[in-house]
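Just need the whole structure built from these sequences, with the hints factored in.
Chains as they are written, first to last, in our numbering: chain A, 3 to 291; chain B, 15 to 297.
Just so you know, these hints were derived from the structure itself, not from any lab. The beta-carbon is built from N, C-alpha and C at its ideal position, and this holds for glycine as well. You can trust all of the hints, since none of them are fake.
Chain B stretches covered by chain A per the calculated footprint, using a threshold of three residues with CB under 8 angstroms from any CB of chain A: (1) 23 to 31; (2) 150 to 164.
Example chain A residues on the side facing chain B (calculated, C-beta under 8 angstroms, incomplete): (3) 11; (4) 135; (5) 174; (6) 203.
Counterexamples of contact, computed for chain A against chain B with all Cβ distances above 12 angstroms: (7) 27; (8) 28; (9) 51; (10) 53; (11) 74; (12) 107; (13) 127; (14) 151; (15) 163; (16) 233; (17) 240; (18) 265; (19) 281.
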Amino acid sequence: MKQLTIISGKGGTGKTTLAACFAVLAENKIIVDTDVDAPDLHLILHPTILSQEEFSGAKIAVKDKNKCTKCGKCEEICRFNAIRDLKIDYLRCEGCGVCVHICPEEAITLEDKPTGYIYNSETKYGPMIHARLKAGMETSGKLVTEVRNNARKISEGGSYNLIILDGSPGIGCPVIASLAGTDLALVVTEPTLSGLSDLKRIVGVAEHFKIETLVCINKYDINLKNAQEIKEFCEEKGIKLVGMIPFDPEVSRALAQGKVVVEVSNGPAAQAIHELWDVVSRCLFHSDN
Amino acid sequence: MIISVASGKGGTGKTTIATNLALSLKNCQYVDCDVEEPNGYIFLRPQIQESKTVYLPVPHVHLEKCSFCGKCAEFCQFNALAVAKENILIFPELCHGCGGCMVICPNSAITEENRSIGVVEKGKASHLEFVQGKLNIGEPMATPVVRAVKDEIDEEKIAILDASPGTGCPVIETISGSDYCLLITEPTPFGLYDLQLAVEVMRNLRIPFGIIVNRWGEGDSQLEDYCLKENIPILLKIPFSRDIAMLYSKGIPLVQAHPHWKANFLKLFEGIEERLGEATHHH
Chain A
3 MKQLTIISGK GGTGKTTLAA CFAVLAENKI IVDTDVDAPD LHLILHPTIL SQEEFSGAKI
63 AVKDKNKCTK CGKCEEICRF NAIRDLKIDY LRCEGCGVCV HICPEEAITL EDKPTGYIYN
123 SETKYGPMIH ARLKAGMETS GKLVTEVRNN ARKISEGGSY NLIILDGSPG IGCPVIASLA
183 GTDLALVVTE PTLSGLSDLK RIVGVAEHFK IETLVCINKY DINLKNAQEI KEFCEEKGIK
243 LVGMIPFDPE VSRALAQGKV VVEVSNGPAA QAIHELWDVV SRCLFHSDN
Chain B
15 MIISVASGKG GTGKTTIATN LALSLKNCQY VDCDVEEPNG YIFLRPQIQE SKTVYLPVPH
75 VHLEKCSFCG KCAEFCQFNA LAVAKENILI FPELCHGCGG CMVICPNSAI TEENRSIGVV
135 EKGKASHLEF VQGKLNIGEP MATPVVRAVK DEIDEEKIAI LDASPGTGCP VIETISGSDY
195 CLLITEPTPF GLYDLQLAVE VMRNLRIPFG IIVNRWGEGD SQLEDYCLKE NIPILLKIPF
255 SRDIAMLYSK GIPLVQAHPH WKANFLKLFE GIEERLGEAT HHH
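Here you go:
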């Protein structure tokens with residue numbers, strides 16, 4: 003069983019578009035959307051939800067007003083400013099439990115906080131696990147880990163040989179949770195100065211966790227000079243640049259219709275994605291040879 | 015006044031709006047709260063004058079006082095401590111810095127030491143005041159760095175806060191306390207779906223907000239229908255244009271290449287002031 007995580011550092015570079023294409027092109031795979039903050043993959047893969055579970059990834063401090071004597075000790079000790087005017091702000095509470103410990107009246111308890119939902123679904127290309135973090139909730143990293151656990155459970159009973167993980171933007175906890183223990187990271191970047199800046203940071207993260215990394219440039223022809231700079235950066239770092247996808251209006255056309263571009267187009271972008279998948283799958287499955 | 019710029023989805027143009035709005039106003043502070051991937055500096059090219067390390071307190075166990083009772087590890091909600099036979103293992107990346115282990119230890123064997131998790135940089139970009147935060151590579155917790163960045167907000171100025179994509183904890187930390195929030199979206203099914211999540215957050219936090227549509231003209235009317243139905247104002251539309259995309263790719267602010275856009279951003283700001291019912295003298 004191999005795991006491929008698609009990341010970008012920067013948002014909007016085409017991670018989900020590529021993940022969906024790979025979901026169509028790869029065989030015997032499980033598809034996982036680990037962008038629990040802004041999950042979008044379901045908008046083009048149209049999964050049928052088989053089961054849904056609530057996820058409690060965090061605890062939250064809850065106060066019993068009747069027991070509270072307004073001594074203010076909880077407010078004083080909370081490092082997250084989550085207690086103001088003796089009221090607990092559930093968006094700021096990290097569930098550390100220090101207030102529970104300090105309260106002389108035992109008026110505060112820690113309770114499970116439902117932070118999101120996990121969906122076990124089926125698409126015409128295979129099983130898909132996705133989730134949704136409740137708006138404004140924390141612990142997206144834990145939810146990502148749980149989503150991945152669900153995928154692993156499904157993989158145990160089947161003949162799957164690949165898990166494709168669609169990552170989230172950034173370099174923080176959800177991204178790290180989607181990268182941990184993966185076999186290969188594919189970074190999707192775009193030839194803009196911000197794309198290059200974010201690429202450098204996300205490659206640093208993959209390096210930090212010692213994960214083999216490949217890079218592809220989406221819409222490479224919108225700025226050839228920056229594309230060249232990305233190429234040079236990859237060479238310097240000894241990272242394989244495995245794909246150059248041209249700007250092609252058919253990609254956004256397919257997206258607008260909620261379709262996967264390789265299903266409906268044979269244009270320049272679709273062709274480049276076919277070639278990209280050939281290289282990526284070879285790296286995944288034949289890297290030991 | 016604090017105006018934050020957010021979006022459910024990445025790559026919609028938050029930084030474009032935040033930097034151009036900041037460049038169009040006087041007495042303004044641009045604050046990049048996307049500490050995972052700060053991009054504002056690319057467009058504003060600031061001169062950094064000051065740099066502060068952001069620390070998070072992590073436990074330090076004095077083994078000579080420790081009785082290995084395990085109460086600290088038992089208390090820690092984040093599994094940042096583990097008690098081995100005659101040693102305590104600390105996992106700094108998991109520690110939220112709540113100080114609970116120190117409070118709970120019956121032998122006073124725990125003190126705290128500072129661990130660097132990022133940096134806050136301050137400087138000037140022509141007439142603008144510039145602040146950004148950078149999370150160290152490999153660190154999972156962005157929120158404390160966002161908090162440190164927000165400590166630099168100058169209340170005498172109009173602060174424009176550039177948030178990270180999504181609706182997770184760093185975004186909540188960024189936008190809480192804002193007077194107004196601009197949600198940037200694009201007219202695609204992805205844009206609309208993620209916008210709906212962001213709207214839910216705005217309503218939970220009770221922050222007044224309006225919408226800016228970027229790459230206007232490439233999609234259908236679904237987005238406008240949604241805004242109309244939900245009674246959400248669309249404050250500005252930025253057309254889908256190869257020229258604007260080209261400027262972005264080179265890191266050139268729109269108002270610098272096309273000064274007439276300044277008027278649009280100024281109008282946007284005045285519109286926000288009006289909505290907040292405080293047409294003041296900021297400019």
